[in-house]
Amino acid sequence: MNTTAPTAATDNASNASAAAPVRDKRPTSTRFTQVLGVIVLAGFAWLVVFGLLLSPDDSEQRSLVRIMYVHVPSAWLAYLAFVVTGVASAAYLWRRSRNLQWDRLAGASAEVGILFMAITLVTGSLWGRPTWGTYWTWDSRLTTTAFLFVTYIGYLAVRGLGGSHHQRARRSAVMALLAVLEVPLVHFSVRWWRPLHQGQTVEAQKIDGLMLFSLFVGLVAFTLLYVWLVLHRMRVALLDDEVDDRGLDAALAARRAEG
Amino acid sequence: MLAMRQAGFVLGAYGVSLTAIVLYTAGLLARARRAARRLPGEERPWQ
Numbered sequence: 001m002n003t004t005a006p007t008a009a010t011d012n013a014s015n016a017s018a019a020a021p022v023r024d025k026r027p028t029s030t031r032f033t034q035v036l037g038v039i040v041l042a043g044f045a046w047l048v049v050f051g052l053l054l055s056p057d058d059s060e061q062r063s064l065v066r067i068m069y070v071h072v073p074s075a076w077l078a079y080l081a082f083v084v085t086g087v088a089s090a091a092y093l094w095r096r097s098r099n100l101q102w103d104r105l106a107g108a109s110a111e112v113g114i115l116f117m118a119i120t121l122v123t124g125s126l127w128g129r130p131t132w133g134t135y136w137t138w139d140s141r142l143t144t145t146a147f148l149f150v151t152y153i154g155y156l157a158v159r160g161l162g163g164s165h166h167q168r169a170r171r172s173a174v175m176a177l178l179a180v181l182e183v184p185l186v187h188f189s190v191r192w193w194r195p196l197h198q199g200q201t202v203e204a205q206k207i208d209g210l211m212l213f214s215l216f217v218g219l220v221a222f223t224l225l226y227v228w229l230v231l232h233r234m235r236v237a238l239l240d241d242e243v244d245d246r247g248l249d250a251a252l253a254a255r256r257a258e259g
Numbered sequence: 001m002l003a004m005r006q007a008g009f010v011l012g013a014y015g016v017s018l019t020a021i022v023l024y025t026a027g028l029l030a031r032a033r034r035a036a037r038r039l040p041g042e043e044r045p046w047q
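Protein sequences appear in the order of chains A and B. If you're matching positions, the first sequence starts at 1 in the numbering used here and goes up one per residue. If you're matching positions, the second sequence starts at 1 in the numbering used here and goes up one per residue.
These are calculated hints, taken from the structure and not from any lab test. Remember, predicted model here, so these are calculated numbers, not experimental data. A virtual CB, placed ideally from N, CA and C, is assigned to each residue, including glycine. Hints may be right or wrong, so weigh each one.
Stated by the list, open to error - Selected chain A positions facing chain B (Cβ under 7 Å, derived; list incomplete):
hint: 1; residue: Pro27
hint: 2; residue: Arg31
hint: 3; residue: Gln34
hint: 4; residue: Thr123
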């Protein structure tokens, strides 16, 4: 008696039924994001080890320089996130197909950028208190950074206004193209206005060796985290849009039934 | 004394950063599950 075929069929059925709950438990996961997630965790473990333990103290700032390995990568990735938002918005407006995936990429990148910008502001404050004697001062770098942060909060608020998906995409794309102009303003503010905030450390090659490597580890960890978060956030946005469409379809069907 | 005071700011910066990332990630995954529950049995384009 050959039992191979029924057994395989039973296995497939049980695998399918087991896969469904897993799919609903982690609906935005794929093999790629799972592997990437593990690499991100390893990257942050390395960042903590290098940033807190292995990198040396600075001659002037002593151990406070360790904040740089979180503060600078989060700032750079926030800039990158906002530039990606601008590019994706331009792509949405440019292409005749008006593909909503560009809009979802823009929104996802902006949200992750806001998270990184918040980390930049808080870690900068914690660095500023022992260095300058204050958590906050209205110098050009801090002020422009805070303005950038508030601008993108406003961008998310604009995305949340009512209307169809394409109306949302059009108005937020226009705002993103205006908002991204602030990024060079923030970045070059230390050069143009010479504020209390220190100048560009890496471009001026003021650090090297293990300190530079620790900063590189932080940059890699934050970059991989950015990719992981944006992928998940885009998929959540697609699910949200489908839920909205279903709700609209149901409402239209109910209205027709009434008529 | 100075080193201990500085360590507080350094650890605080790392703690706040990692906590913010973990909270945002947890919220994002919870939001994904909520949306998926409203679309039961759907094939996702990425799956």
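Results for each hint:
no. : hint   : in the structure
1   : Pro27  : holds, 4 Å
2   : Arg31  : violated, 10 Å
3   : Gln34  : violated, 12 Å
4   : Thr123 : holds, 4 Å
Of the hints listed earlier, those the structure fails to meet are numbers 2 and 3, in rising order.
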